[in-house]
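Participant: Residue numbers (the numbering used here), protein chains in the order written: chain A, 775 to 977; chain B, 775 to 977.
Rather than coming from a laboratory, the hints here were simulated on the basis of the structure.
C-beta atoms are modelled at their ideal positions from N, C-alpha and C, and glycine is treated no differently.
Possibly wrong hints are sitting among the right ones.
Calculated lysine to aspartate or glutamate pairs in the DMTMM-like style (CA-CA distance at most 20 angstroms, straight line) [to be verified]:
(1) K832(B) / D863(B)
(2) K906(B) / E823(A)
(3) K869(B) / E971(A)
(4) K897(A) / E823(B)
(5) K852(A) / D842(B)
(6) K906(A) / E823(B)
(7) K878(A) / E893(A)
(8) K831(B) / D863(A)
(9) K852(B) / D842(A)
(10) K831(B) / E900(A)
(11) K869(A) / E971(B)
With the Cβ distance kept under 7 angstroms, some of the chain B side facing chain A (calculated, not the full set) [claimed, not checked]:
(12) C828
(13) V836
(14) V867
(15) G870
(16) M901
(17) Q905
Okay, here's what each chain looks like letter by letter:
Protein chains: 2
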Amino acid sequence: MELHYPNGKKYVPANKETIGKKREKKWSYSNRGMTLEEDINETNVYYLEHGIACIHKKPTPVQIVGVDYPKRSAAVIKEAYFKQASTTDYNGVYKGKYIDFEAKETQNISSFPLKNFHEHQVKHMEMVLQQKGICFVLLRFSSIEEIYLLEAKHLLIFWNRMKEGGRKSITRDEIIKNGHYIPLGLHPRIDYINMIEKLYPFD
Amino acid sequence: MELHYPNGKKYVPANKETIGKKREKKWSYSNRGMTLEEDINETNVYYLEHGIACIHKKPTPVQIVGVDYPKRSAAVIKEAYFKQASTTDYNGVYKGKYIDFEAKETQNISSFPLKNFHEHQVKHMEMVLQQKGICFVLLRFSSIEEIYLLEAKHLLIFWNRMKEGGRKSITRDEIIKNGHYIPLGLHPRIDYINMIEKLYPFD
Numbered sequence: 775m776e777l778h779y780p781n782g783k784k785y786v787p788a789n790k791e792t793i794g795k796k797r798e799k800k801w802s803y804s805n806r807g808m809t810l811e812e813d814i815n816e817t818n819v820y821y822l823e824h825g826i827a828c829i830h831k832k833p834t835p836v837q838i839v840g841v842d843y844p845k846r847s848a849a850v851i852k853e854a855y856f857k858q859a860s861t862t863d864y865n866g867v868y869k870g871k872y873i874d875f876e877a878k879e880t881q882n883i884s885s886f887p888l889k890n891f892h893e894h895q896v897k898h899m900e901m902v903l904q905q906k907g908i909c910f911v912l913l914r915f916s917s918i919e920e921i922y923l924l925e926a927k928h929l930l931i932f933w934n935r936m937k938e939g940g941r942k943s944i945t946r947d948e949i950i951k952n953g954h955y956i957p958l959g960l961h962p963r964i965d966y967i968n969m970i971e972k973l974y975p976f977d
Numbered sequence: 775m776e777l778h779y780p781n782g783k784k785y786v787p788a789n790k791e792t793i794g795k796k797r798e799k800k801w802s803y804s805n806r807g808m809t810l811e812e813d814i815n816e817t818n819v820y821y822l823e824h825g826i827a828c829i830h831k832k833p834t835p836v837q838i839v840g841v842d843y844p845k846r847s848a849a850v851i852k853e854a855y856f857k858q859a860s861t862t863d864y865n866g867v868y869k870g871k872y873i874d875f876e877a878k879e880t881q882n883i884s885s886f887p888l889k890n891f892h893e894h895q896v897k898h899m900e901m902v903l904q905q906k907g908i909c910f911v912l913l914r915f916s917s918i919e920e921i922y923l924l925e926a927k928h929l930l931i932f933w934n935r936m937k938e939g940g941r942k943s944i945t946r947d948e949i950i951k952n953g954h955y956i957p958l959g960l961h962p963r964i965d966y967i968n969m970i971e972k973l974y975p976f977d
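Make a model of the complete structure from these sequences and hints.
Facilitator: Given below as structure tokens:
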């Protein structure tokens with residue numbers, strides 16, 4: 775059964791069974807139709823298993839309204855609603871530093887719509903930067919299979935341009951100029967930590 | 775309506791309305807019957823509003839099985855189950871450093887049962903320490919209203935003692951000796967960042 779968020783996005787449940795298990799499958803570079811989220815989860819498992827970084831996706835926030843407690847079995851949630859997240863989806867630690875990011879994809883080719891982000895998330899990114907955390911977004915142009923890491927400080931500039939009446943998207947050229955291309959890999963799939971290592975001075 | 779987790783713990787939904795809003799209520803020091811979670815959420819809002827730290831509770835992990843999409847209204851989750859968390863409940867950033875903790879309370883007076891933690895969480899704490907994150911637990915003896923911050927490196931020692939056949943709890947004396955007493959305050963309620971500031975060298 776396929777589930778969807780209110781915005782029509784496919785709901786991809788975190789798969790407990792695959793976390794912490796060694797993969798036997800061989801990946802090919804070809805587009806396997808994996809979502810950005812699946813690729814990032816793969817990447818985070820790789821980082822965790824190899825002691826490179828400890829980064830997790832936050833659970834989908836749900837407002838629970840009704841729960842049944844059948845005898846001798848697990849509690850069943852009978853009524854609940856999707857809530858808007860007040861933070862970004864991913865965070866964790868790399869060499870003691872706080873890492874925080876959001877990942878979004880678009881079918882567009884020449885620009886990335888800012889409606890992919892919401893006010894709460896951008897506010898959260900500002901708080902993270904204020905606390906000197908490392909904060910960024912991973913932007914995927916899914917039809918041309920390109921992924922860029924754009925630091926939150928740049929995203930904020932484009933966000934504020936929109937708030938001041940400017941364009942409601944970031945052009946691909948602007949992303950190329952201000953962001954960093956992340957090539958798709960085998961293990962890990964999306965090696966954003968490699969880019970973070972280049973961008974920030976670590977001990 | 776009061777909801778409970780399978781373990782009988784009260785389910786306290788995150789209240790979006792109260793986040794980011796200034797509080798008008800005056801707190802008293804008397805025991806207001808607030809749970810540890812409520813006190814920590816209050817504290818985190820205080821930290822956020824005052825630009826001290828950016829720390830959030832992760833949403834309750836839920837395995838979604840069935841969703842209804844009524845016309846012209848929000849998607850309704852009709853069948854879902856509570857999942858065991860694979861990490862600790864709280865994390866965030868303070869002065870660039872990664873902060874990660876779990877909070878637990880007991881009605882016991884002389885010892886803290888280790889069954890309050892589960893294998894996954896302890897494993898996660900080990901990963902955080904390996905990545906040089908700041909990791910600890912907040913332990914509350916609710917009947918005597920005492921809260922201690924115990925660093926994960928100490929918790930691991932007691933955890934491993936249990937795994938090797940030793941006692942299944944940490945005595946209050948051991949917590950006093952290895953941990954740090956956090957006095958209850960007004961604003962914020964549980965000032966754990968103040969203790970972290972004392973324990974760790976920051977720029």
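Participant: Where does the structure disagree with the numbered hints, that is, which hint numbers, in rising order?
Facilitator: Those not satisfied: there are none.
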